[in-house]
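S.K.: Chains A and B supply the protein sequences, listed in that same order. So for the first sequence, numbering that gives the first Met the number 0 puts the first residue at 0; every next one is plus one. So for the second sequence, numbering that gives the first Met the number 0 puts the first residue at 0; every next one is plus one.
There may be inaccurate statements among the hints.
[Unchecked claim] Restraint-style ranges between C-beta atoms, simulated for each label pair:
(1) 85/B with 25/A: 54 to 62 Å
(2) 254/B with 25/A: 49 to 57 Å
(3) 76/A with 13/B: 35 to 43 Å
(4) 20/A with 285/B: 28 to 36 Å
(5) 391/B with 61/A: 41 to 49 Å
(6) 65/B with 11/A: 24 to 32 Å
[What the hints assert, rightly or not] Quick look at which bits of chain B chain A covers, simulated, 3 or more residues with Cβ under 8 Å:
(7) 11-23
(8) 181-191
(9) 278-290
[Said to hold, decoys possible] Coverage of chain A stretches by chain B, computed from C-beta distances (three or more under 8 Å per stretch; other residues unrestricted):
(10) 0-8
(11) 28-42
(12) 46-55
I should point out that these hints are in silico values taken from the structure, not numbers from a laboratory. Because the structure is a prediction, the values reported are computed rather than measured. Ideal Cβ positions, reconstructed from N, Cα and C, are used throughout, including at glycine.
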Amino acid sequence: MSQFRIPGPLRSLSGGASTVDVDAPDLLSAIDQLDSKHPGFRGRLLDDSNSLRQFVNIFLNDEDVRLGEGLNSKLGAEDEIAIVPAVAGGR
Amino acid sequence: MPRPLGLRCRECGAEYELRATHVCEICFGPLDVAYDYDAIRRVITRARVEAGPPSMWRWRDLLPIEEDAQVVTLGEGMTPLIKAERLGAELGLSNLWIKNDTMNPTNSFKDRVVSVAVSWARAHGYETMACASTGNLANSVAAYAAHAGLDSYVFMPDDIETSKVVATSVFEPHVVAVHGNYDEVNRLCSQLADDLPWAFCNINVRPFYAEGSKTLTFETAEQLGWRLPDEIVIPVGSGCQFVRHRRAAGELLDLGLVEGRLPRFTGAQALGCAPVYQAWRRGDDRVPPVRPDTIARSIAIGNPSDGIYVMRIAQETGGVLEAVTEEEIVDAIRLLARTEGIFAETAAGVTIGVLVKLARAGRWRGDETIVAYVTGHGLKTAEVVGRPVRARAEIDPTLRSFREGVLSQP
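Work the whole structure out from these sequences, hints included.
M.R.: What follows is the structure, given as structure tokens:
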């Protein structure tokens with residue numbers, strides 16, 4: 000079982016929940032499962048060509064998936080998947 | 000005084016009321032403050048600005064703080080714009096200027112954004128300020144929170160320069176040293192901001208905070224005699240301030256406060272953390288993250304939030320992105336000190352290093368008005384300059400020793 004951490008701006012989709020559990024072999028299918036539990040997530044996270052949207056960062060156990068396997072990242076038990084808006088920062 | 004209207008998504012145009020949020024709930028795009036420019040146009044004039052306080056708050060009409068709010072100020076802004084005759088002569092530039100933002104209350108341009116963020120947060124009932132920082136922001140947040148009587152939590156990588164930690168801790172904030180780099184600290188704070196009733200300067204109150212940057216360009220235009228320069232060289236970390244300088248120049252032109260055209264906006268990065276420069280060179284329209292490794296810690300942001308906008312603005316205005324090596328950064332710090340008497344930190348070493356590199360590559364004819372933004376004081380990163388170029392003389396307190404030990408030396 001892996002767990003999504005839902006950021007504030009998307010909690011309207013998850014009924015206010017800050018975490019959602021999923022059971023999937025890789026990140027893309029985990030997003031599909033999240034979307035089937037709470038419709039709307041897929042469209043917010045992925046664009047039409049199934050890539051991560053520009054302003055969405057996903058961290059798998061604290062590693063930016065763009066620096067690794069991206070949406071093909073394999074998931075293990077107890078993995079934490081954090082969705083974090085890209086817009087932040089400024090030293 | 001005109002009031003800010005609300006927040007608007009820079010990508011999809013969705014509108015939100017004025018509150019502590021920074022991300023569009025529809026497309027995750029960045030939110031910007033929207034103003035009623037018609038109302039501003041009716042009141043703002045050069046004379047009104049000139050009659051304002053001798054700080055960045057003379058530009059309050061274009062800052063997102065309501066009329067009934069009391070600003071939290073330590074006198075930030077109206078820093079010197081210095082004609083760089085000697086540095087210009089070395090580079091073949093007869094009209095080079097340094098905007099010396101090391102002269103702010105906590106010695107970096109961060110005081111501009113923090114003054115706005117803390118003013119907004121206090122006026123809206125927040126009791127605790129917070130930030131993710133590579134040092135300068137923490138320094139400023141701690142000082143302004145102290146002045147405003149607010150609590151503060153500052154999150155920094157655990158290996159930040161000692162002088163920045165000392166200059167921050169003296170204001171007695173809660174200093175949280177995080178085992179990680181800035182991008183990791185920033186992500187942690189982004190998650191914390193969802194659940195804590197704190198005003199994180201560069202996260203949930205970022206739309207207000209970021210607007211403070213504009214005053215650097217407003218002042219530059221006023222100090223040049225109400226005109227915009229031909230080109231501005233700006234250090235790029237997150238890209239946040241770069242975007243605001245473009246907005247500021249646009250506002251000055253649209254409101255009729257200056258005539259002419261937009262300056263070229265040129266961005267400077269350290270090669271050890273140059274995601275925007277690298278994307279620019281490759282011609283990418285996205286900015287993939289990198290792992291930072293540079294002495295220019297204050298702009299060592301591997302995943303720059305405004306990176307794509309920096310590239311668009313450079314493209315739009317005829318500017319470029321350029322980057323320099325660690326050695327070039329230190330050389331530039333020394334060059335600026337030797338020629339102009341200004342001691343700047345590593346981020347400014349990046350700016351001046353890029354200025355030098357572009358000048359020597361023949362980018363300019365030589366008579367253009369060029370302004371370099373020097374954004375932080377050298378004492379913040381003093382350790383990088385290493386041993387002095389000129390060894391000190393050691394003498395006895397006698398005239399003979401002075402003659403032999405000082406005057407007879409090269």
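S.K.: Report holds or violated for chain B covering the stretch 28-42 of chain A, Cβ cut-off 8 Å, minimum 3 residues.
M.R.: Coverage by chain B is violated here, the residue count being 0 at a Cβ distance below 8 Å.
S.K.: A range of 41 to 49 Å was offered for this pair. Does it hold for the Cβ distance of residue 391/B and residue 61/A?
M.R.: For residue 61/A against residue 391/B, whose Cβ atoms are near 48 Å apart, the range 41 to 49 Å holds.
S.K.: For the range 35 to 43 Å, tell me whether the beta carbons of residue 76/A and residue 13/B fit it or not.
M.R.: holds (38 Å)
S.K.: Using a Cβ cutoff of 8 Å, are there at least 3 residues of the stretch 0-8 of chain A near chain B, or does the coverage claim fail?
M.R.: holds (count 4)
S.K.: Taking 49 to 57 Å as the stated bounds, is the beta-carbon spacing between residue 254/B and residue 25/A within them?
M.R.: holds (52 Å)
S.K.: Taking 8 Å as the Cβ threshold, is the statement that the stretch 11-23 of chain B is covered by chain A upheld or broken by the three-residue rule?
M.R.: Answer holds; 4 residues pass the 8 Å Cβ test.
S.K.: Between the beta carbons of residue 65/B and residue 11/A, is the distance compatible with 24 to 32 Å?
M.R.: holds (27 Å)
S.K.: Between the beta carbons of residue 20/A and residue 285/B, is the distance compatible with 28 to 36 Å?
M.R.: Holds, since residue 20/A and residue 285/B (Cβ atoms, about 31 Å apart) stay within the stated range.
S.K.: Against chain A, does the stretch 181-191 of chain B show at least 3 residues with beta-carbon separation below 8 Å?
M.R.: holds (count 8)
S.K.: Using a Cβ cutoff of 8 Å, are there at least 3 residues of the stretch 46-55 of chain A near chain B, or does the coverage claim fail?
M.R.: holds (count 4)
S.K.: Could you see if the CB distance from residue 85/B to residue 25/A stays within 54 to 62 Å?
M.R.: Holds: the Cβ-Cβ distance is about 60 Å, inside 54 to 62 Å.
S.K.: If you count the residues of the stretch 278-290 of chain B with a beta-carbon closer than 8 Å to a beta-carbon of chain A, do you get 3 or more?
M.R.: Since three or more residues must qualify, the claim that chain A covers the stretch 278-290 of chain B holds, with 4 doing so at under 8 Å.
The earlier numbered hint that this structure contradicts is number 11, and it is the only one.
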